[in-house]
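Chemist: Dock chain G against the given chain C, drawing on the hints supplied.
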Amino acid sequence: MKPMLHYLRVTWQIFRKDIRVEWRGRQGVPVMLVFALLVVFLFNFALQLSPNLQAGLAAGLLWVALAFASTLGLNRSISLERESSALDGLLLVPVDRSAIYFGKALSNFTFTTLVALVLLPILSLFYQQNMFHLPLVLVILLGVGAYTGLGTLLAALSIQSRTRDVLLPILLYPLALPILIASVEASRGILAGQPLGELQSWIYLLLAADILFSAAGLMFFETILEE
Amino acid sequence: MHKKPSLLSILDILSILLFTAVLILILFFTPTELTMGPVQKVFYFHVASAWGGMLSFILAAAAGIGYLVTRKVRWDWLSLSSVEVGLVFGLIAILSGMIWAQPIWNTWWVWDPRLTTTAIMEIIYLAYFILRSGLDTPETRARLGAVYVIVSVITVPLTFFSIRLFRTIHPVVIATGGDGGSAFNMTPRMLLAFIASLVVFTLILADLVWHRYRLAQLQNTIEEEVN
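Chains as they are written, first to last, in the working numbering: chain C, -18 to 208; chain G, 672 to 898.
If we strip away everything but chain C, and leave its shape as in the complex, we get:
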């Protein structure tokens, strides 16, 4: 039981450290939020969206903005450690390195979820429909969890390349496609007032993605950071 406790404590401390860095610097979440809003604005004019948006379009807008904004946070969360060789310090912690993965994934998940929670009322205001549904929040938690879970893994991978930050979207977007499809479809259904039972398969797909990518992080993070 002891090593398990140690593992969880390392995960928790890394998560806490990330939150503290964010709280003191406030350079991550606000940037992501502004970026997400810009995406909404760009799409609004590029696609000439009407103020009375269909449920499908609103859900799509939400997830595209989240997916783009989240990339900024993911890149930052690993490059921050790289900047002052803080990563070397983390790697010295006598614990399986997947503990670092879970700490990082947890903080990335928190940041993107925060952006989503601010985005929801703004979108509701802009497009004149209440987007605050409890099931939608649940879908956001599941979808963002899978997305940032995969994203944290790929960010650690792409940071080792010479192309760095440019590489992450190229690796992440195609691999994250099933997560985005399921999230958008589930959100669309909820906004259109479909009962949750009909959206079951999407929710299960998201759950499966959550489990799958956590497992991938558990298995491969050590290998990725090896040196």
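What the hints contain is simulated information worked out from the structure, not anything from laboratory work. Keep in mind that a hint or two might mislead.
[To be verified] Quick list of in silico lysine to aspartate or glutamate cross-link-like pairs, EDC-like style, CA-CA up to 20 angstroms:
1. 712/G <-> 896/G
2. -17/C <-> 77/C
3. 674/G <-> 810/G
4. 743/G <-> 208/C
5. 743/G <-> 203/C
6. -2/C <-> 64/C
7. 743/G <-> 77/C
8. -17/C <-> 64/C
[To be verified] Simulated coverage check for chain C against chain G, where a stretch passes if three residues somewhere in it have a Cβ under 8 angstroms from a Cβ of chain G:
9. 146 to 153
10. 167 to 179
For every residue, glycine included, the Cβ atom is placed at its ideal position computed from N, Cα and C.
Modeler: Chain G alone, transformed into the frame defined by chain C:
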């Protein structure tokens, strides 16, 4: 230094002969499909190359596992070779599919699960080369490449499944369960040519991967001599 294995030479000749044979089989032996006409004959090579692409991506992931377990660079050569050949097979599948779709569906492209999944698959494995080109040492290239091909092979079926939950118009060749209505029935001659093309394309795939593998091997030898 590395003499060409005689088995590979035999495979070369066998591939060429059998490819010619199956071409003759398709052009002169199979009946012309009643409603679609001669364009239906694209089907034999189309399915065979799609199958070849899929197979080589699975092979790449298996070789990735092989690398992570043994840490022998040979496995990375195999992984790289499979991805490269798989990309070409996938491209052939998409292009030949388009040739068939234009007269039959009256459009070059539809956002159907199989088409979209194949296209995304091509992008995912193109990104594999972008990832590799940014990594400096052969060891990191092999290690991160292995992780990437394994994660990719997990998400591809997930993507397929998620788009499948929408409706599909792509013909189902091997009908499963109740949806036999959209499957078209092959005459024994068609079936023979179909299975023959699958076998021959698998042989060609093995031949090409082997050649590419040897190229990687020779490249490695030269690099070692230079250093």
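Chemist: Take the hints in turn and mark each one as holding or not.
Modeler: The hints, checked one at a time:
1. 712/G <-> 896/G: violated (49 angstroms)
2. -17/C <-> 77/C: holds (14 angstroms)
3. 674/G <-> 810/G: Violated. Residue 674/G to residue 810/G sits at ~26 angstroms, over the 20 angstroms cutoff.
4. 743/G <-> 208/C: OK: residue 743/G and residue 208/C at ~16 angstroms, within 20 angstroms.
5. 743/G <-> 203/C: holds (18 angstroms)
6. -2/C <-> 64/C: holds (16 angstroms)
7. 743/G <-> 77/C: Roughly 24 angstroms separates the two Cα atoms, so the pair is violated.
8. -17/C <-> 64/C: It is violated: about 33 angstroms lies between the C-alpha atoms, which goes past 20 angstroms.
9. 146 to 153: holds (count 3)
10. 167 to 179: violated (count 0)
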